[in-house]
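Engineer: In the order they appear, the protein sequences are chains A and B.
The working numbering puts the first residue of the first sequence at 1, with every later residue one more than the last.
The working numbering puts the first residue of the second sequence at 1001, with every later residue one more than the last.
Keep in mind that the hints were calculated from the coordinates and are not lab data.
Backbone N, C-alpha and C fix where the C-beta goes; we use that ideal spot for every residue, glycine too.
Worth double-checking, as some hints may not be accurate.
Said to hold, decoys possible - Far from chain B, some chain A residues (derived; all Cβ distances over 10 Å):
1) Met88
2) Arg97
3) Met234
4) Tyr238
What the hints assert, rightly or not - Covered stretches of chain B, going by a simulated chain A footprint (3 or more residues, C-beta under 8 Å):
5) 1009 to 1023
6) 1144 to 1152
Unchecked claim - Computed footprint of chain B on chain A; a stretch qualifies when at least three of its residues, placed anywhere within it, have a C-beta under 8 Å from a C-beta of chain B:
7) 110 to 118
8) 194 to 205
9) 213 to 227
Listed here are the chains, written in short residue letters.
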Amino acid sequence: MLELTCLVMTLLTLAGYGTVLYRLRRRGVRWPVTRVAAMLAGLLCVAAALLPPIASHDELFPVHIAQHLLLGMAAPAFLALSAPVTLMLRTLPRRSRRMLLRLLHSAPIAALTAPATAVVLDLGGLYALYLTGLYNAAEHNDLIHAAVHVHMFLAGCLLSWAVIGIDPIRRRPGTCVKLTALVIVAAGHDTLAKLIYAWNLPAGGGPIASRHIGAELMYYGGTVIEMAVAVIVMAQWYLVSGRALARTRRRSESVESQLPVALPSRRCG
Amino acid sequence: MASSPLAGAVRGAAVKQTKRSIWSGVLAGVGLVAFIDETVFHQLLHWHHFYDKSTLAVGLVSDGLFHAGGFIAMVAGLFLLADAHRRGGFVPKRWWGALLIGAGGFQLYDGIVQHKLLGLHQIRYHVAIWSYDLTWNITAFIMILAGFLLMKGDAGIARSSILRSDAHPAA
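Throw the hints in and build the complete structure from the sequences for me.
Structural biologist: This is the structure:
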């Protein structure tokens, strides 16, 4: 039943996204194909995590970890790069757009999208899940199970939006803040994976060998995704600072050409 | 002549450019050692263990921080290197010197604090460990020393690179 709901929701999102793109195209607005690809990849990760065969075997700890990597880390990163809020702002009618903008610029949203909030919610949720009895409880109760997944996904989204998001928010953190947040989350994630291995966690996680495989998958899989996110943070910085550099150079060049006496030696090189 | 304030400004800009190379080098050095540690000693030789039973939680936190910090430092360092090149202000001598200092410093931290003080894991198991520890830390010390020797003197500061980068925006 839960899986059917997930499938329907994913398909509805896909259909809604397609409709919006179609309307945008008819109005002659161009929408980058990379963002479409990012959206598709993100939805694919969500679907892979929540549908069989992964979802039907997630009582096995390594499968659960694969689910965590897909739903809590990979999918949010792709979705943040697809700029869905920007797309909404482009297509909503004027009144709802103004309301959405007011919401986005409000103080609660600013507090919620701050990197510190995202780091606390993300790591807090993970530590609570594996170090307390929450994992075991989620194994035996569908509602808690679903809530854990929702929290994992939303906390991952907050973090991805804060670190690599391109949607408009009131104050975008600087690159140093982003990298610091990423180091803290990555370190917390790696440490947790080793704690799971060292203390044979989580309770209710099945045979010890299987928990160890899960912990190592969490450690190395997490590293791969975090490294990709770090590359994206730095690539975004490189592109933005490159544009600023090109502007400065154009300006200095135009000033130079306005000088009454040109500097010939500089021109020939 | 009015050239002296201009020379000062050019020199100031050159020092700023040089700093970019140094930061890039230090970060890449830290990342390089973290990378070698992970691939060579953990994955290829299987000398280090993923976890050894004597490790305390504080050791795991320190290890996690330096594992994550290491690979993120490598990524940031390489992008800063590309940026220094783009601005025409890459100073190879300073970069290599900083790389050696970053790498040596990180290895010394790993060798003394992580392996010995925190007892995180040893370099190798079932062998006389002191000779490995000695080699590990002396290598680190030599790297730091070589780094400082490379960094010494004025010769490594971005010389004409500032003027060059203004004159050839495309370069």
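Engineer: Evaluate each hint against the coordinates.
Structural biologist: Hint check:
1. Met88: holds, 31 Å
2. Arg97: holds, 35 Å
3. Met234: violated, 4 Å
4. Tyr238: violated, 5 Å
5. 1009 to 1023: violated (count 0)
6. 1144 to 1152: The restraint on the segment 1144 to 1152 of chain B is violated, since only 0 of its residues have a Cβ under 8 Å from chain A and three are required.
7. 110 to 118: violated (count 0)
8. 194 to 205: It holds: at least three residues are needed, and the segment 194 to 205 of chain A offers 4 whose Cβ sits within less than 8 Å of chain B.
9. 213 to 227: Held - the segment 213 to 227 of chain A has 5 residues with a Cβ nearer than 8 Å to chain B, which meets the minimum of three.
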